[in-house]
Amino acid sequence: INRNTRTAKGYFLIDEIKDDSNGRPIENEKKYPVKMNHNKIFPTKPISDDKLKKEIENFKFFVQYGNFKNLKDYKNGDISYNPNVPSYSAKYQLSNNEYNIQQLRKRYDIPTKKAPKLLLKEDSDLKGSSVGHRDLELTIVENKKENIFFTDSINFKPTERDES
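No gaps in the numbering here: position 10 of the sequence shown is 10 in my numbering, and each next residue is one more.
Keep in mind the hints are simulated off the structure, nothing from the lab.
Don't take each hint at face value.
To be verified - Below, in silico cross-link-like pairs of lysine to aspartate or glutamate (EDC-like), each with a Cα-Cα straight-line distance of 16 angstroms or less: (1) Lys113 - Glu146; (2) Lys117 - Asp78; (3) Lys117 - Glu142; (4) Lys69 - Glu29.
Stated by the list, open to error - Quick list of the computed label-pair ranges, beta carbon to beta carbon: (5) Lys117 - Lys69: 18 to 24 angstroms; (6) Ile26 - Tyr81: 36 to 42 angstroms; (7) Ser95 - Lys53: 32 to 38 angstroms; (8) Asp19 - Tyr99: 20 to 26 angstroms; (9) Thr44 - Asn155: 15 to 21 angstroms; (10) Asn84 - Asp50: 48 to 54 angstroms; (11) Val131 - Ser21: 44 to 50 angstroms; (12) Lys53 - Tyr108: 33 to 39 angstroms; (13) Ser95 - Tyr65: 17 to 23 angstroms; (14) Ser21 - Asn84: 44 to 50 angstroms; (15) Gln103 - Lys75: 19 to 25 angstroms; (16) Val131 - Lys53: 27 to 33 angstroms; (17) Lys72 - His38: 26 to 32 angstroms; (18) Gln103 - Thr5: 43 to 49 angstroms.
This structure is a prediction, so every number in the text was calculated from the model and none was measured.
Don't be surprised by glycine CBs; every beta carbon is placed ideally from N, CA and C.
Whenever a hint applies, use it, and build me the whole structure from the sequences.
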């Protein structure tokens, strides 16, 4: 994402994992090229499936609606920092009353009321760097029978200079 112009280009990915006839998982990934202008995502190639096209156009990254202004109020966090990389991670147990969890439940059909764990990871300087890779993972259920989780990643790159 170019923070100055609020534009981006990339792919809308759909990753389905199904079992083959022998019970082994088979991954089927579909990539649709997209661009973002004015905080809206648009396909860059025609899509014949109107439902999929609408899903892409209505999609919002978690960073577009998530709110971490109260992050400092989260309790019992497991925080680690590696100044050599630099990178850090923070893990918290959240409640279902938390704003971000309510927003996820509004947008997605989450078949359990179990409260998730939040994992934030960032590969950049903690002093407020505007470039770097940021990952968010909310794990709702994690066991041998099922995994229910939500992930969102964003990579901020330096502005490309026009050499003309």
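| query | Asp19 and Tyr99, beta-carbon distance inside 20 to 26 angstroms? | reply | violated, 37 angstroms
| message | Please verify whether Lys117 and Asp78 have alpha carbons no more than 16 angstroms apart. | response | holds, 11 angstroms
| Proposed proximity, Glu29 with Lys69 (alpha carbon, max 16 angstroms) | Outside the cut-off at roughly 35 angstroms; violated.
| field | Range hint 18 to 24 angstroms (beta carbons of Lys117 and Lys69) holds or violated | value | holds, 20 angstroms
| query | Given a hinted range of 48 to 54 angstroms, is it respected by the beta-carbon distance of Asn84 and Asp50? | reply | Distance hint for Asn84, Asp50 holds at roughly 50 angstroms.
| At the C-beta level, are Ser95 and Tyr65 separated by a distance inside 17 to 23 angstroms? | Since Ser95 and Tyr65 have Cβ atoms about 19 angstroms apart, the given range 17 to 23 angstroms holds.
| Falls inside 27 to 33 angstroms, the C-beta gap from Val131 to Lys53? | 32 angstroms Cβ-Cβ, so the 27 to 33 angstroms window holds.
| message | The hint says 33 to 39 angstroms between Lys53 and Tyr108; measuring C-beta to C-beta, is that right? | response | This hint is violated: roughly 19 angstroms between Cβ atoms.
| Holds or violated: Lys113 to Glu146, with C-alpha atoms at most 16 angstroms apart | Since the Cα atoms of Lys113 and Glu146 sit roughly 15 angstroms apart, the hinted pair holds (cutoff 16 angstroms).
| Distance restraint hint 44 to 50 angstroms, applied to the beta-carbon atoms of Val131 and Ser21 | holds, 46 angstroms
| Using the C-beta atoms of Lys72 and His38, is the stated range 26 to 32 angstroms upheld? | holds, 31 angstroms
| query | Using the C-beta atoms of Gln103 and Lys75, is the stated range 19 to 25 angstroms upheld? | reply | 20 angstroms Cβ-Cβ, so the 19 to 25 angstroms window holds.
Hint compliance for this structure: hints 4, 8, 12, 18 are not met, and every other hint is.
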